[in-house]
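A.B. asks: Build out the structure end to end from the sequences listed, making use of the hints.
Okay, here's what each chain looks like letter by letter:
Protein chains: 2
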Amino acid sequence: MVDTAPRTTSKQQAAKPQRSADTAPPKPASTEASAPAQSAAPAQPAVDVATLGRQLLGTWADIRLASRERAARPELQRIEGQPMAEHRERVLGQLKLLVDEGAVHRAFPTSLGGFDDHGGNIAAFEELVIADPSLQIKAGVQWGLFGAAVLHLGTEYHHETFLPDIMSLKVPGAFAMTETGHGSDVAAIGTTATYDEAKHQFVINTPFRGAWKDYLGNAAVHGTAAVVFAQLITKGVNHGVHAFYVPLRNTKGAFLKGIGGEDDGLKGGLNGIDNGRLHFTNVRVPRENLLNRYGAVAEDGTYSSPIASPGRRFFTMLGTLVQGRVSLDGAATAAAAMALTIAITYGNQRRQFNAASDTEEEVLLDYQRHQRRLLPKLATTYAQFFAHDEFLVKFDAVFSGEADTDDDRQDLETIAAALKPLSTWHALETLQEAREATGGAGFLAENRMVGLRQDLDIYVTFEGDNNVLLQLVAKRLLTDFSKQFAKADAGVMARYVVAQTADRAYHGTGLRSLAQTIADFGSTARSVSELRDERTQRELLTDRVEAMIGEIAGRLRDARRLPKADAAAAFNRNQNELIEAARAHGELLQWEAFTRALAKTRDPGTKQVLTWVRDLFGLGLIEKHLAWYLIHGRLAPKRAQAVGAYIDRLVERLRPHAQDLVDAFGYAPEHLRAKIASGAELERQDEARAYYAAQRAAGTLPVPEKSKKK
Amino acid sequence: MVDTAPRTTSKQQAAKPQRSADTAPPKPASTEASAPAQSAAPAQPAVDVATLGRQLLGTWADIRLASRERAARPELQRIEGQPMAEHRERVLGQLKLLVDEGAVHRAFPTSLGGFDDHGGNIAAFEELVIADPSLQIKAGVQWGLFGAAVLHLGTEYHHETFLPDIMSLKVPGAFAMTETGHGSDVAAIGTTATYDEAKHQFVINTPFRGAWKDYLGNAAVHGTAAVVFAQLITKGVNHGVHAFYVPLRNTKGAFLKGIGGEDDGLKGGLNGIDNGRLHFTNVRVPRENLLNRYGAVAEDGTYSSPIASPGRRFFTMLGTLVQGRVSLDGAATAAAAMALTIAITYGNQRRQFNAASDTEEEVLLDYQRHQRRLLPKLATTYAQFFAHDEFLVKFDAVFSGEADTDDDRQDLETIAAALKPLSTWHALETLQEAREATGGAGFLAENRMVGLRQDLDIYVTFEGDNNVLLQLVAKRLLTDFSKQFAKADAGVMARYVVAQTADRAYHGTGLRSLAQTIADFGSTARSVSELRDERTQRELLTDRVEAMIGEIAGRLRDARRLPKADAAAAFNRNQNELIEAARAHGELLQWEAFTRALAKTRDPGTKQVLTWVRDLFGLGLIEKHLAWYLIHGRLAPKRAQAVGAYIDRLVERLRPHAQDLVDAFGYAPEHLRAKIASGAELERQDEARAYYAAQRAAGTLPVPEKSKKK
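Which chain is which? The protein sequence lines are A and B, in order. With my numbering, the residue at position 583 of the first sequence is 583, and numbering never jumps. With my numbering, the residue at position 156 of the second sequence is 156, and numbering never jumps.
Derived by calculation from the structure, the hints in this document are not laboratory data. Please note that a few of the clues may not be correct.
Pairs count within a copy or across copies, as identical chains cannot be separated in the list.
[To be verified] Below, simulated DSS-like cross-link-like pairs (lysine-lysine); rule was C-alpha separation at most 27 angstroms, straight line:
id, residue 1, residue 2
1, 624, 638
2, 170, 96
3, 475, 252
4, 235, 706
5, 199, 624
6, 706, 600
7, 199, 708
8, 394, 607
9, 199, 257
10, 96, 600
11, 706, 483
12, 564, 706
13, 235, 252
14, 235, 199
15, 475, 394
16, 706, 475
17, 235, 708
18, 708, 564
19, 170, 257
20, 564, 483
21, 96, 252
C.D. replies: Below, the structure is given as structure tokens:
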């Protein structure tokens, strides 16, 4: 096990501000007026790093720690700058190592040597991003997509026939869903699987160039089989997209008859994965190779399915693959946490300019701009840790069968579609800000951030394009709205509310009425001190989602009666705002999770600091959308102005705790592997200061021309 | 010369919306109310692509076209995925090619075979980013930094002795300014150059690890000399940072005595450049190797300088190197333009989802969200093209001596510090948005965007960290303010204004009074239609800069009288807002330049479309800062809401012209080198649609299960 005790070595201690009074100077009168002192706070709260660290690790803490221990081993880690071909082979070897160590079977059935542990499996998997995102994603392709498709879309025959070799990596495989011509709109893929009644076979065919399978991990080199998604056609009827197990290559690595492909070549990142293209020319597979849990074809070609509606069947099949989105949320959050650990550690040691003193240069993190750049991102990362753990608990409940109704599955998918975009975008923004905040040093591969950013870039468009996912969320919110107010008039609509508050966020039906509690809210929020009130933040955040969806629903109310093209045009004219509403919903989910986590925090000092972090997150969201609150009369101009002033105050308060807050993430040097976060900068600073101090003491420091003239 | 006629091939024509009526559908009643029809506009304006293209090329159009022609040649282009060592050698070879073709001497004195053409030199140099940013920046290191330092900081002896070999690349050199410990704060570097009166030599020394020179192009491998910046010490007095010509390596590539170094290794991008570290242990160079234009040491060790103030001398020396910032502004703008050309061309061909029809899928660029993601960035890119050309004219006037007062130089530096941050950040955001807007295809190296983004990443922190530059701008604005209102009371302050409007932006002194024209502006902006009025936009944008600076100046008014540490703390508490004010100033400069360019546009259709683009840029800025306008009473809530609605309207109006607007940038396929912008996507789409149309016509398309059940 990795030691989770606070990693505050002597170096880090030294880097912490020694003058806590200096870091919280009195505010000038004008600012003070709008941001009253927080009298309830203990004078000098301290963070209990070890306990907070444990809380951040969440429900599967021990599994995460074991996986982190693995990720700390050099043989599983990325070698920066390794050529693509070698990197691909290295990652394949790392996958074999994971198999040898029994590290990848957790989600598979106990009958096949697994543990049927879905939440724990994802928790362990996410931590691999520390070692190399290519390792994480290639493992995800093999066991989370290829293997999981066989597991969730197949039945006993497929499990017994195919899973053992998939689990052992004897058969590396591709998940052949996306095509060059269709990514987000999977239902419209062109590949066909036509049943041949005479030979009891499916004929897999690629009808045109746009229907080539594309961007598939394991397709360019290593894959010897694939789960291929194709339009199932039997007796002249297209039953929609189904999955088929299709062998790809022989033991020598050559394509089987009728199969061809291309290498996708170099990518912006994740070059340890051999992404490629595949096409099929009348490739025949036995009838049994249809993964037939949700749709089967009898010998005579008769189609049957336990789900009557083709649309619902399609979404049910796709829904079984939600774990990809779950795991990206966790991995992206981990990457953001690593970036912040590196940048804040460095920002706590690095000095530049000496405005306040003739001899001492300022530590970067003492600059307001530096605090404003990094600390709000730290607050968001905290929110994501807590939201992700709840999300994973929900996922585990669905996949373990503990809470697995249709509603549960739909809720899970909506949460996934809301959280994955936010956290993957946040990871890119944070890696970039951390890179910029560490200047030229941040641009060197040896400091990790550029490589992580390159690898995580694709996280925002794969496993569901972020914008498309947010649109799905928005449609769900609109549907919930219309269900609840199907017969309501415009007046009722204006008061409608989305139910994503408190503990209902994860367990509710999607909508509930909160109108009475927020009635005339604009006039009840009487002073700026209310901004740090939990209820105020909740109401502001909730109200915005509700009002946005309500407004759009009102505008789209008559669209249903329009001809198809006109209805689509009306929807399109609201698309941008819909996606913004979905984002607001996701932000609210994160805020609620953070607030619930706060309720569970016991240590008073930690609770106080964490409350500031939560407030910074909540008020940061309100500041980001401040124009909306002003336009809609939720905040008066004076109060709105206080939001920014209070955020300035919060970052100043949090600054002395910044190192503790990143240390609590628990990444050891062998996880970070960034030279600038190793303490080397502090050594250099100390050496330079000692040099000048000695020269000054000895009287050998050359006199500055300027002072000589005086 | 590259042909600048419109590149609308048959493929691109086909990709343009065939149904212009469809792309401007009637607005729903609620939106219509707040965005009145623009009755003055011609019904169907058309863009004259060739003429607009010529306007975008700017003052040095022919030189740019010649440089683009060069950048279109494969031997000067990047090979994606080339290993670092090979890439470095390739780029060195490309530099030699540039020398052989006489392409790099434009800025050097006519006496040495140059042309003394400073603006033209930068224009040509910027276009090299098309071929490979590593080529651009390595050329910049050799001739724009190393060579330019000898040219601008040295005198006749240095020009005659060193420049010929620098120009011919016989001596590749490093620009050794930045140290591991000091980047932004150059004045505090640790390297010393102590004059030895006995031997008439300077002794260059690195006193501690933090004073190693770092991140220097040409330092790791190719550099055989360097211009080294060091504290000049003579007779026990430190005269501040000066530059010295220092040989580094012998002909075999080995370091000379006393010199050592390290390779910076792999970076996030620009890996065709051999960045590295250097350190000096009592390395002796002749007295004559001091580049002595602004500070000289006589044989006896007596220091003299034409500039008495050490501070002003330092900034004058640094100011001669402003061309780096100038050229990054242009290169970053070119990169953004390329990214948008790729993403918009693809977005005009790619189809996904068919909400509006049973058989036809929608073109991506018909989606509102897609328009909202790309078209505002296109508008900003246009603004940057126009602002950059004016900037370059100003630069040329200063460096040619045509308008070279202290004020001119200071204005130039302020403009550089304002524009370079905006355009380099914009390039990264645009490359990322374009990458995401093209999905998985955008992540492939073959489509250019990821590589360009990796290379341009460092543009935001080198040649002046963006945040530090903006702070310089803010300080200048504060200084101008305090000069003007030194004796004013708070009431006058509240009405003060910054002078960056109209043609005064580039030629004015920095501040002028506009108070009378904006008096009571809030109540005079009576309707939403005013938002598209040029004066309204100008007043809103100008007023914000003025008011922000005025507010901050008011808060800092008494800080001068405080002890140093307290004054610094007071400044620090306003740092974030100061930087935002500087950004607003830069945005205003861009808007003014766009508006001046618009006045020069003659073709009515082009002028109409370009007016919409300018309005989209201006209103986009106002939307971004909408909370500020609301809080400060400049816009009433209803009017503020109209800003977003009008932007929706503008992107819809501009959508049919999007292809023309990117075609006008004039990049040919050999510049873009992106497969997805080659027309391949349109071919795939056409093939797929033809396939289904033929099946439908023949009655062989399998019946969907859903329709069968009806």
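A.B. asks: The structure should be examined with respect to each hint, and the outcome stated for every one.
C.D. replies: Evaluated hints:
1. 624 to 638: Answer is both: 16 angstroms inside a copy and 19 angstroms across each meet the 27 angstroms cutoff.
2. 170 to 96: within (9 angstroms within a copy, 52 angstroms between copies)
3. 475 to 252: neither (48 angstroms within a copy, 68 angstroms between copies)
4. 235 to 706: Between copies only: 14 angstroms across chains, 93 angstroms inside a chain, cut-off 27 angstroms.
5. 199 to 624: neither (62 angstroms within a copy, 63 angstroms between copies)
6. 706 to 600: The answer is neither: 59 angstroms in one copy and 50 angstroms across copies each exceed 27 angstroms.
7. 199 to 708: between (99 angstroms within a copy, 25 angstroms between copies)
8. 394 to 607: within (25 angstroms within a copy, 56 angstroms between copies)
9. 199 to 257: within (18 angstroms within a copy, 81 angstroms between copies)
10. 96 to 600: neither (40 angstroms within a copy, 66 angstroms between copies)
11. 706 to 483: For residue 706 and residue 483, the Cα distance is within 27 angstroms only across copies (24 angstroms; inside one copy 76 angstroms).
12. 564 to 706: between (77 angstroms within a copy, 18 angstroms between copies)
13. 235 to 252: neither (37 angstroms within a copy, 77 angstroms between copies)
14. 235 to 199: The answer is within: 14 angstroms in one copy meets 27 angstroms, while 99 angstroms across copies does not.
15. 475 to 394: For residue 475 and residue 394, only the intra-copy Cα distance (21 angstroms) is at most 27 angstroms; the inter-copy one is 52 angstroms.
16. 706 to 475: Classified as between: cross-chain Cα gap 22 angstroms, same-chain 67 angstroms, threshold 27 angstroms.
17. 235 to 708: Answer is between: at 12 angstroms across copies they meet the 27 angstroms cutoff, but 98 angstroms inside does not.
18. 708 to 564: between (82 angstroms within a copy, 20 angstroms between copies)
19. 170 to 257: within (21 angstroms within a copy, 58 angstroms between copies)
20. 564 to 483: Classified as within; 21 angstroms inside a copy, 64 angstroms across copies.
21. 96 to 252: This pair counts as within: shortest intra-copy Cα distance 19 angstroms, inter-copy 46 angstroms.
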